[in-house]
Every structure is written in C-alpha cells, then in structure tokens.
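2 protein chains.
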Amino acid sequence: MSKLNFSITGKSASATKFEGKTRQFNHVIDEPEALGGEDSAANPVEYLLAGYAGCLNVVYNVVAKEIGIKINYLNISINGDINPEKFLGISDKERSGFQSLNVFIELDTNGTPKQEQELITKAKNRCPVNDNLANPTPIQYLITQPISKN
Amino acid sequence: MSKLNFSITGKSASATKFEGKTRQFNHVIDEPEALGGEDSAANPVEYLLAGYAGCLNVVYNVVAKEIGIKINYLNISINGDINPEKFLGISDKERSGFQSLNVFIELDTNGTPKQEQELITKAKNRCPVNDNLANPTPIQYLITQPISKN
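The listed protein sequences derive, respectively, from chains A and B.
Counting in the numbering used here, the first sequence runs from 9 upward without gaps.
Counting in the numbering used here, the second sequence runs from 9 upward without gaps.
Hints should not be assumed to be uniformly reliable.
[Stated by the list, open to error] Here are the simulated lysine-lysine pairs, DSSO-like style, with alpha carbons at most 30 Å apart:
hint, chain 1, residue 1, chain 2, residue 2
1, B, K73, A, K19
2, A, K94, B, K132
3, B, K29, B, K78
4, B, K78, B, K25
5, A, K130, A, K101
6, B, K29, B, K132
7, B, K73, A, K73
8, B, K130, A, K94
The hints are simulated quantities; they were obtained by calculation from the structure and are not laboratory data.
Small disclaimer: the values here were computed from a predicted structure and weren't measured.
If we strip away everything but chain A, and leave its shape as in the complex, we get (with noise of 0.2 Å):
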C-alpha cells in the first residue's frame, strides 16, 4: 500500500495566532490570554489532544469492525499537564511537553467482555497519533529566508 502524505502550511498572523491550511480546512491556531494570547481558538497543545482523541475514534471503529461486534458508546477524555517553565525560557529542569497523558475511554459494544479486550489493545497498538506521542519521531527542520529577501 502506498504511503500517505499529510501536511499544513500557513502563516504566523500575531505572536501567539496560527492560520494554517491541511487540504481545504483552515485551522487558527491561538493561546489564552494567560499565556499572552488573545484566546480565539484552542491552542497548540489542544490540536494536539484533539488529534488524538479523534484518531482513537477511527482506530476503536476499525477494529470493532473486524472483530465483529458494534459500538454504542464511546466517549474519550483525554488531559495532561504541562510545566510551562521551560517553554517561558524560566527552567529547563522539566520537559516543556506534556508529562505524561491520561486516556479516560468510556465504551459500550454489543462483544463480550474478551472482545472488548482485544478492541481495547489493538486499537491502542494501531492509533497512528498514540504512536507519535508514546515514541520518539525523527523530525528534519529545514530553515529558510523568505524569497523576497535573498
């Protein structure tokens, strides 16, 4: 199967507001203002949590399709906490991302319990963003001047 491309652009519009584009969806990306933000959109690491949330509800759907049984009920909570110290340039004694992530799953199917279980597993194995949190990813930066300039 080939591989997919995923991919955003967009602009920084003030210091803490992002307006970036995937495919034809506009997301505004900005801080509440305790963090210096006028809070018109969740901020980044909300994007974060709601990719998440929302790639467990696709890969609990595919799963519970191939194991033969039908999902009534899932609802999905997700929090963190994060120690902003090193993210404000106060400490770098901590990590600047979440520390760690809780996953509060409430789920009801037509499977017995065993089949609950393997959905539970499998879907957690197979969750491409739970796979980009819990492991490391290799990232390349690539830094430019913007054309205009050169």
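Got chain A sorted already, so can you dock chain B onto it with the hints?
Structure of chain B alone, referenced to chain A:
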C-alpha cells in the same frame, strides 16, 4: 510555577467523526473519503500537524522577544508520511504514525544571522509539541463502561 492542565472531552459521532471540546472551543475531526470518512473536517493527524505548527509559532515569538529581535515574517509548513497498513490491520511491519516529520520554516527577522541561529535552536528545544513528538511520553489508559449500563 504551577503546572497547566489541558484537556479534551468528546464523543464518537460516527466511525470516523469525533466531536470534542477543549475549554470553550469545539472541534470536529473526520477522515477523507479514501479513509472511510465524509471529509467534513481535518483528520486526526492534520490536527496534530496544526498543533505543532501553532506551537512553533508561539515559541519562536517568545524566544525572539527574549533575544530582543523582531520577527517580520514566519511561515511554517510541516509534512510527513504515514503507512496506513498497521492502522488498517493489513501489516504491522512499519509503525502506524508519521515515520518522520519535515518542518520547513521561512523566517525573516531584524536580527543578525547569529541571533537568528540562537532563535532557531532555542525555539525547537522549548516547543511543547516538538517535545511530545520527538520524545516518548508515558500514557495511562482507563477504560470504563457508561454509567447507564452498570
């Protein structure tokens, strides 16, 4: 400084569509038709990329302010490849998430090349989403049945 908690909560609206909320912000996440969805919104990994780009914008601006330079222009594009075979249950030879990420940054500031280099290096290390993607994050799962079923 006290830690900040961020969260999302929401429910499965279909096999591909998730409707969630972070504070006062609503999020809809779907999949393109090629992945079984209705393409009504960006997909989970696009949300992840949006959060990453938005996070880099904030951190670039925080660090530029510290260094005492002004960002005139900041364009951020991020892309990566996913092999959908593990996600879809076809094969587990390759990881399910982004295999790597490419970050392209177009930057213009009023600083010297040395100051810009300092900005680039510091911003990457202090970006929370970069941290959670580049490094492993512990994840705890708690699965329950809806109260109505008990």
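Violated hints - listed by number, lowest first: 3, 4, 5, 7
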